[in-house]
Amino acid sequence: MADELTLYTNPMSRGQIARWMVHETGLPHGVVVLDYGTTMKAPDYLAINPMGKVPAIVHNGQVVTECAAICAYLADAVPERELAPPPADRGDYYRWLLFAAGPLEQAVITRALGMEVPEDKEAMAGFGSYDRAVAALESWLKDHDYVAAGRFTAADVYVGAQVIWGTQFGTLPKLPAFEGYAARLLEREAYRSAKAIDDALIAEMRAAAPA
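The sequence shown begins at 1 in the UniProt record's numbering and counts up one residue at a time.
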């Protein structure tokens, strides 16, 4: 029996990350596009994700939410694609995947909301400071083409999405290490095919929106 995979998403969301990861796996899948405030908050979807947000996947009856978890789960679901390093070599893989999902995203969102952590309260914040979080990732990418195993892995989907989006929209500085890393990822066929679908859906939504 073929694997059954369904992606729940909205093109104007972090669902773009999950779609990219799904395309990296090559798995056949269905897609359900949900609307904010309506189908995303409907009882049938809340039964999948009580947070009422996307993305989520259901794979062979298993529900997975949160983009970093989706990336890690799907990498393990298709070992033949080698989207995760061997278990004994996953230190950097888990480190940077969860760094991007935790300290980096917290730092970026905090800055975007116009909030700064007082210096004497940095120990209470998981990211310390925005500058420190950015510098940590920059220092790694200066010396590594990819975040783990010397090659592309599922961690690069999540970390890469943060860097691509951040450098394009100004939430991350356009540092050479970030721009070089983003350029490598933008050439991936799975990224391009997933992005084309989401861009087309966004165009349709905007065209259908009331003037």
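Check before you lean on any hint, since a few could be wrong.
Claimed, not checked - Derived BS3-like pairs: lysine-lysine, alpha-carbon spacing no greater than 27 Å straight-line:
| # | residue 1 | residue 2 |
| --- | --- | --- |
| 1 | 174 | 142 |
| 2 | 53 | 41 |
| 3 | 195 | 174 |
| 4 | 195 | 41 |
| 5 | 53 | 142 |
Calculated directly from the structure, the hints in this document are not laboratory data.
Pair hint outcome, residue 174 versus residue 142 [Cα-Cα no greater than 27 Å]: Since the Cα atoms of residue 174 and residue 142 sit roughly 13 Å apart, the hinted pair holds (cutoff 27 Å).
Satisfaction of hint between residue 174 and residue 195, Cα-Cα up to 27 Å: holds (21 Å)
Distance restraint between residue 195 and residue 41, which requires alpha-carbon spacing of 27 Å or less: holds (25 Å)
Restraint status (C-alpha distance of residue 53 to residue 142 at most 27 Å): violated (34 Å)
Pairwise hint evaluation, residue 41 against residue 53, where the allowed Cα distance is 27 Å at most: Distance of about 8 Å is within 27 Å: holds.
Violation of the numbered hints given earlier is confined to hint 5; every other hint is satisfied by the structure.
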